[in-house]
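Participant: Here is what each chain is made of, one letter per residue.
Number of protein chains: 2
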Amino acid sequence: MSLALDPAAQDLLFREAHTAKTFTDEPVTEEQIQAIYDLVKFGPTAFNQTPLRVVLVRSAEARERLVKHMSEGNKAKTSSAPLVAIFAADNEFHEELPQLQPTAPGLKDAFFSERPVREQNAAMNATLQAAYFVVGIRAAGLAAGPMSGFDHAGVQKEFLDGDHTPLMIVNIGKPGEGAWGERSPRLTFDEVVTTV
Amino acid sequence: MSLALDPAAQDLLFREAHTAKTFTDEPVTEEQIQAIYDLVKFGPTAFNQTPLRVVLVRSAEARERLVKHMSEGNKAKTSSAPLVAIFAADNEFHEELPQLQPTAPGLKDAFFSERPVREQNAAMNATLQAAYFVVGIRAAGLAAGPMSGFDHAGVQKEFLDGDHTPLMIVNIGKPGEGAWGERSPRLTFDEVVTTV
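First to last, the sequence lines map onto chains H and V. The opening residue of the first sequence carries number 1 in the working numbering; numbering runs sequentially from there. The opening residue of the second sequence carries number 1 in the working numbering; numbering runs sequentially from there.
Extracted from the complex, chain H is given alone in its bound form (with noise of 0.2 Å):
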């Protein structure tokens, strides 16, 4: 046994834990999101830039506006989600680099100053932090159903700042009934792994 993380805490992050497809019906609280966001907001991105931002999915219209948008495949679950984020990344993260990186205050108008430069950034460190949150979904006890297949454009256009570009959508909620089938085979270790 090498790990120092308890065994439990293995299990409700990583290995008892599935993405879900179906949740029951019991609300998930403002509360509950913010002790995910107080935990997972100390994930490191490069020079701290920490891009991500979240839109919570609340009311019944935003929700109806959001399921249109979504793959065929991804309706029904979007549609019955206790609770449905919208992932992004902002573009212009480097407003408040100043205020996230006080020890290089050139950052921002030197290596920053350019906007491919910052939609790589944007896109690879919210990535990151969007990883750290469906961890920290877990950690709330509650499961994630993370999503790629959605009209990307429509979600910007409709739901986003013009700055941001949207990464994933996710479900989150307790799991329902058959949230999930078997789980699917990994990469072994050599399949994975090379040393040199």
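The hints are simulated quantities; they were obtained by calculation from the structure and are not laboratory data. One should not assume that every hint holds.
All copies of an identical chain are treated as equivalent in the list; a pair is satisfied when it fits inside any one copy or across any two copies.
To be verified - Here are the simulated BS3-like cross-link-like pairs (lysine-lysine), alpha carbons at most 25 Å apart as the crow flies: (1) LYS21 - LYS108; (2) LYS75 - LYS108; (3) LYS68 - LYS174; (4) LYS174 - LYS41.
Based on the hints, put chain V in the right spot on chain H.
Facilitator: Positioned in the frame of chain H, the structure of chain V alone reads:
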């Protein structure tokens, strides 16, 4: 307290964990990396594509070659960390899909037949896995030092298969003296999360 994860695990993975800049000499064993992989391999990716590939740089000769590609500010820590890992995205991950997603045998030749689609999927999903791996390093009681500052083309050419794109390089070990400074500020909940 809205989280199911116990507070010691919260501290280990997020609250007390920091990106390390210095390390002790204590080696990082193959068993530790295997235990990390065997935990984080369960983290979700789109269609279970799991495109992350890892190169462990263990020999002194390979370490020396790698350090040459690091940006100036990353050379010293990359030289002195007990273990350094190159995280990369496999743009040909679809070759493994019939094994990884046996319920959708058509995916490989339909949705993922075009290289640009695969590259975009590989980058995003391997980045999610990179974040799970960083969490896993912390779960092993080790500190991670993820870095994006290196000559990506040089590392690609010298260390990776032609179809693998480098994402980040991660120093791994027990934190040494002065491994980190003060925690950088984080955005508030209201700066990151909006509700519709």
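Participant: Does each hint hold? Answer for all of them.
Facilitator: Structure-based check of each hint:
Taking the shortest Cα distances, LYS21 and LYS108 sit within 25 Å of each other only across copies (23 Å), while inside one copy they are farther apart (41 Å). When the C-alpha separation of LYS75 and LYS108 is checked against a cutoff of 25 Å, the pair qualifies only between copies, where the shortest distance is 23 Å, while the shortest distance within a copy is 40 Å. Proximity of LYS68 to LYS174 under the C-alpha cut-off of 25 Å is restricted to the intra-copy arrangement: shortest distance 24 Å within a copy versus 49 Å between copies. For the homomeric pair LYS174 and LYS41, the shortest alpha-carbon distances inside one copy (22 Å) and between copies (23 Å) are both at most 25 Å.
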